[in-house]
Amino acid sequence: MNKKGLRFYMRIYKKILAQDLKSKLSYRADFVISSIGMIFTNISAFITLWILFQNFPTVMGWNYHEMLFLYGFSLIALTPVQCFFDNNWSLRYYVFSGDFIKYCFRPINIFFYYISEVFDIKGVGQFLFGIGTLIYSWQKLEMGMSVLIFIKLIFALVTASLFMVALMNVAAATCFWLMGTGYIMVTAFKFKDYAKYPITIFNTVFRFVFTFIIPIAFIAYYPSLVFLRPDEIPILTWISPLIGVLFFYISYKIWMKGAISYDGTGS
Amino acid sequence: MEKIITLNDVTKEFKVLNRKEGLRGSIKDLFSRDYNIVRAVCNISMEVSRGEIVGYLGPNGAGKSTTIKMMTGVLEPTSGEILVNGMVPYIKRTQNAQNIGVVFGQRSQLWWALPVIESFNILKDIYQVSDRNYSDMMELYTSLVDIEDILHKPVRQLSLGQRTLSDILAAFLHNPSTVFLDEPTIGLDVSMKGKIRKLVKALNKEKNTTVILTTHDMGDVDALCRRIVIIDKGSLLYDNDIENLKGFFGSYRTVKVRLGREAEELTKENLKRLANELQQKLLDTHPEVNSLTAISNESWIDVLVHEDEIDIMKVVNSIQEHYKIYDLKLEEISTESVIRKIYEGEMQ
Numbered sequence: 001m002n003k004k005g006l007r008f009y010m011r012i013y014k015k016i017l018a019q020d021l022k023s024k025l026s027y028r029a030d031f032v033i034s035s036i037g038m039i040f041t042n043i044s045a046f047i048t049l050w051i052l053f054q055n056f057p058t059v060m061g062w063n064y065h066e067m068l069f070l071y072g073f074s075l076i077a078l079t080p081v082q083c084f085f086d087n088n089w090s091l092r093y094y095v096f097s098g099d100f101i102k103y104c105f106r107p108i109n110i111f112f113y114y115i116s117e118v119f120d121i122k123g124v125g126q127f128l129f130g131i132g133t134l135i136y137s138w139q140k141l142e143m144g145m146s147v148l149i150f151i152k153l154i155f156a157l158v159t160a161s162l163f164m165v166a167l168m169n170v171a172a173a174t175c176f177w178l179m180g181t182g183y184i185m186v187t188a189f190k191f192k193d194y195a196k197y198p199i200t201i202f203n204t205v206f207r208f209v210f211t212f213i214i215p216i217a218f219i220a221y222y223p224s225l226v227f228l229r230p231d232e233i234p235i236l237t238w239i240s241p242l243i244g245v246l247f248f249y250i251s252y253k254i255w256m257k258g259a260i261s262y263d264g265t266g267s
Numbered sequence: 001m002e003k004i005i006t007l008n009d010v011t012k013e014f015k016v017l018n019r020k021e022g023l024r025g026s027i028k029d030l031f032s033r034d035y036n037i038v039r040a041v042c043n044i045s046m047e048v049s050r051g052e053i054v055g056y057l058g059p060n061g062a063g064k065s066t067t068i069k070m071m072t073g074v075l076e077p078t079s080g081e082i083l084v085n086g087m088v089p090y091i092k093r094t095q096n097a098q099n100i101g102v103v104f105g106q107r108s109q110l111w112w113a114l115p116v117i118e119s120f121n122i123l124k125d126i127y128q129v130s131d132r133n134y135s136d137m138m139e140l141y142t143s144l145v146d147i148e149d150i151l152h153k154p155v156r157q158l159s160l161g162q163r164t165l166s167d168i169l170a171a172f173l174h175n176p177s178t179v180f181l182d183e184p185t186i187g188l189d190v191s192m193k194g195k196i197r198k199l200v201k202a203l204n205k206e207k208n209t210t211v212i213l214t215t216h217d218m219g220d221v222d223a224l225c226r227r228i229v230i231i232d233k234g235s236l237l238y239d240n241d242i243e244n245l246k247g248f249f250g251s252y253r254t255v256k257v258r259l260g261r262e263a264e265e266l267t268k269e270n271l272k273r274l275a276n277e278l279q280q281k282l283l284d285t286h287p288e289v290n291s292l293t294a295i296s297n298e299s300w301i302d303v304l305v306h307e308d309e310i311d312i313m314k315v316v317n318s319i320q321e322h323y324k325i326y327d328l329k330l331e332e333i334s335t336e337s338v339i340r341k342i343y344e345g346e347m348q
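For the record, the sequence lines run as chains A and B. Quick note: the first sequence uses my numbering, first residue 1, plus one each step. Quick note: the second sequence uses my numbering, first residue 1, plus one each step.
Think of the hints as simulated: they come from the structure by calculation, not from any bench. Heads up, the beta-carbon is just placed ideally off N, CA and C, and yes, glycines get one too. Treat the hints loosely; a few may be bogus.
Said to hold, decoys possible - Covered stretches of chain A, going by a simulated chain B footprint (3 or more residues, C-beta under 8 Å): (1) 9–15; (2) 18–28; (3) 102–109.
Could you put together the complete structure from these sequences and hints?
Next comes the structure, spelled out in structure tokens:
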């Protein structure tokens, strides 16, 4: 692996991506319909939030626009897992049928090879929706913008998405040891819905769980504090990039351990 | 001769949970530590030289796939030593992968949505094939098979035969020292089988590539392999020239008879029933014979006779007493029959 560096992998990824996009765009109807579906899902979530705040001006000290900020932030942070790591959803079928073995015969990293195979273009719509929401709430909150803040924002978004990717990697990797793990993935993915609420609305037990065990609080809440509550940033926010990288690394190791110990089905 | 693959006393064991039946059994299984050790491969040793085509044969569940998985680095042997191109495949999986090609008959390894040529292009990058070697290889491919009309189609639109063909071409693309073909002709029509055999033979000759071929189709073996290795229940049964093996069964001959003329008389079921009937009648008339078999083969019935036990003419006479023979041929024992005899345990 040592001689094949980042550039080698970027080159291959770019090539696969370009080809994949080309073939995907030939199914225009599929793209349009799934984009419309994505828009409706997000609009309904948006309306729920709006109705909630028509009745309560704040939730545990968080106002409507701050909640919108969290929402938009989480949408953007979820884009990488949706666009680039979508093949994790199919992993259990490949493992169960024995087809996963084909990924073991190439002289490249198995995780990369497997994940690079699918790019899900549908995540792009959600990404745009998230950006719109974030800009709107940013303006309403009158937070201002500078180069430094922008860099912080990018950093925070990358950190947040690392956590979501790590979570889904681990959920997908369970299929190397267990059967019928679809529900684990669905559950893990559902957790992202809690990511868009400030963790302070949960009780202590869930706060602990969502911070250290299933770290979804890092997907929007902790990073957002940098912008929403600049006076009271907890230590966890500052070290969250480190924890993010660590979680991602652990999830990758678990995934690879499963892949290496895979022995396939008979043929 | 340069040794490409060496297996030295290789054994692979699997731990299999003793499963209990029913729902209650399944719940118990969750906590059970009641394992069975299953030996899939048992003390196998062999050597393969550069440029050889070895037929790796055995009945279903004999341990062929397990051996191949060990040679490709997917599985770690429980004991024993494997060297492929001087490397231990399990430890150096990625380096080993650089020097081998693998084709699984029914499982395409190409990108499903991409045209074949784009898959080749990505593989070129993955295996870091130089532009020059790549274009030489493509030129060789074009001279061997007609690939123009499949190159630009997405893999998922190809027929099974075209897909297998593309997979084989993809496996040879980076000029590996060894290619593993696991049942490459399974499910293909006669003409496609022929094409694939010709292609493999030509590539083996042109590039001096070692080929390990597992198959259940003796046509593949006859067309490609001089040497065969047979395993059953994990153990090596035979490893030598195929002609040698036929010599071992030299006193066997096949009498081919045609017992009907019309197409409706020669349906598969009819022939099968007829063959069984014939075998029973022959065994009844000649109680001293015990290794005689009759099986239907296309529109013929093949009667395999052991000449040390009974004279061929006697058998023909007996057949004539019961049936009208329209046509008759005498043949040496076929590879198919030899392999069947070995599977049925007549080597010991």
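Can you list which hints this structure breaks, lowest number first?
Checked against the structure, no hint fails, so every one of them is satisfied.
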